[in-house]
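Given chain A's structure and the hints, the job is docking chain B onto it.
Chains A and B are the protein sequences, given in the same order. Residue 268 in the UniProt record's numbering is what sits at position 268 of the first sequence, and the numbering runs on without skipping anything. Residue 45 in the UniProt record's numbering is what sits at position 45 of the second sequence, and the numbering runs on without skipping anything.
Simulated from the structure, these hints should not be mistaken for lab results. Keep in mind that this is a model prediction, so the values were computed, not measured. Treat the hints with caution; some may be incorrect.
Stretches of chain B that chain A covers, calculated by requiring three or more beta carbons in the stretch to come under 8 Å of a beta carbon on chain A [to be verified]:
1) 29 to 37
2) 72 to 78
3) 82 to 88
4) 122 to 131
Just so you know, even glycine gets a beta-carbon here, dropped at the ideal spot from N, CA and C.
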Amino acid sequence: MTSLILSPAEQDYIIRGVESGFRADGRGSLDRREVSLRTGMISQANGSARCRIGNLGVGTDVLVGVKAEVNSWTPGEPEDLGSIVCNVECSPSAAQEFEGRGAEEINVELTQLLDRILNGPQSGLDLKKLCIIPKQAYWVLHIDALVLDVKGSIVDTLVWATRAALMSTSLPRVVVETIGDEMGNMQAEFDVVDDPEDLTPLEGAENLPISVTFSQIGKRYVVDASEQEEAVTQAKLTVAVSPVMEICAIQKGGMFRGFPPSLLAEILETAQRIAREELTRFDVHYAQAKSHLSSQADEPSTGSTFLVQF
Amino acid sequence: MSRQELLSPEGLRVDGRRANELRRISCRASVLNSADGSSYYEQGNTKVLVAVYGPREPRQKSLAHHDQATINVEFNVAPFSTSERRKRSKGDKRLLEVASFVKQTFEGAIQTTVYPRSQIDIYIHLLQHDGGTLETCINAATLALVDAGISMVDYVCACTAGFIDETPVLDLNFVEESSIETPDLTVAVLPRSGNIALLQMESRLHSSKLEGVLELATEGCKHIHKKLDEAVLAAAGELAKKLS
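So that you can see chain A by itself, here it is in the shape it has in the complex:
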């Protein structure tokens, strides 16, 4: 993905290390790095979060903003469903080759992957709840992610940040009125309540899946690969698992080698175990982010306090 060039000696060191169960940063093959999570720093978005996965303050850094808009229904669209639109952008601050149009390919890849995880029944979000009036109006959730830094495991960071952003999302209340005319025809009208205090949290966001990415290095595999490890990764498998342990999305990447089916079964089993641990970890971090946000409620809202704490 990134243009990190490793010498053959370094590559060999990483591969043999992984094969004998050691990683360059001292982790075991299934250990994950530290996570920093903050929510609610973009005031004009309906929900926002910033997540960084990495040790010692250096790591993959993603900022996600969720914006809800009312769209009017056009024929051909589902009649009683809302919609989710994902958009991922890699900033040139992550890598120089993302300058100009250089990030287009990876942007599309990540956007499609996020869309695969979120857009559909697998996300746990009830899209019917996002419908305001069938065949008339519905909510669109625009999920915009900005990747500020890439140090391995970009997909997992992206899913963490998106999950936190959606959990912190709240929508304005909508009042639907049904008016019948003298012909007996019923007509529905709606009104979005314009009150920053009168918001309802997005339903079902806690059912969103979490993703675990496995990287095959040599004869073994690791989770949460670092930048160096990604440079020697032969195959990559991302598995999204919901809180009820359903597999919501799978994507295999990496062009050097295929996965043997026996390994696949093993990985899927491990993925569920790790996802359970990750979800507990997520809840802890999310609760921390929430309490952090409410502790600064008295201070004037400014993003810089959030950046200090990060």
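This is chain B only, laid out in the frame that chain A set:
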């Protein structure tokens, strides 16, 4: 169409400021770990994040100058930055314009001859937009460049000023800026010498009024200089604490 009242008879503006008042500024250097220099700067509700890389080897050899550094600026607006979501393509002319203004401004301020055959990248992210994009970008970039330790002649401080109802007003917000009748003057100065690094005006203004508006904007730049200086000292203090 009735025109929105931008300056009340009591002399207050839409957001409750007086005519010569700046919005609240809070800024901080060294916010991203992997960048050589970075800054977060907010002026009222306009929020900008800047990352500076370099001096480093140019990406394209053909762009390298044998006697000075090349400055490269990329300006990016987050889709969630405005009240209505809008995605802009990389080739959007308005984005390119801001990037080129920032580039031109800093070409005069950075001592480019100190870094021959190299490139300095300035990546600007607008996270929230509420008027005064160019001024916040320049101020944030100054802070990030200082944080990166790049030799500069002086700080570059930018400020906007407008002219509403026969009164010069400082630091226009989005509502004031988008009113067509309001002239919108952005000026960037090097505070030590007082030289003007950038001057840009939209709409029209009687020539006799220009001096007053320019003076007000320059006054604003001096305040911003103080704020930036504080942020640089704070970042240096933190660094010193880490070393000791």
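Now the hints, each set against the structure:
1. 29 to 37: Since 5 is at least three, the answer is holds.
2. 72 to 78: Result for this restraint: holds, n = 4.
3. 82 to 88: With 5 residues close enough to chain A, the hint holds.
4. 122 to 131: holds (count 4)
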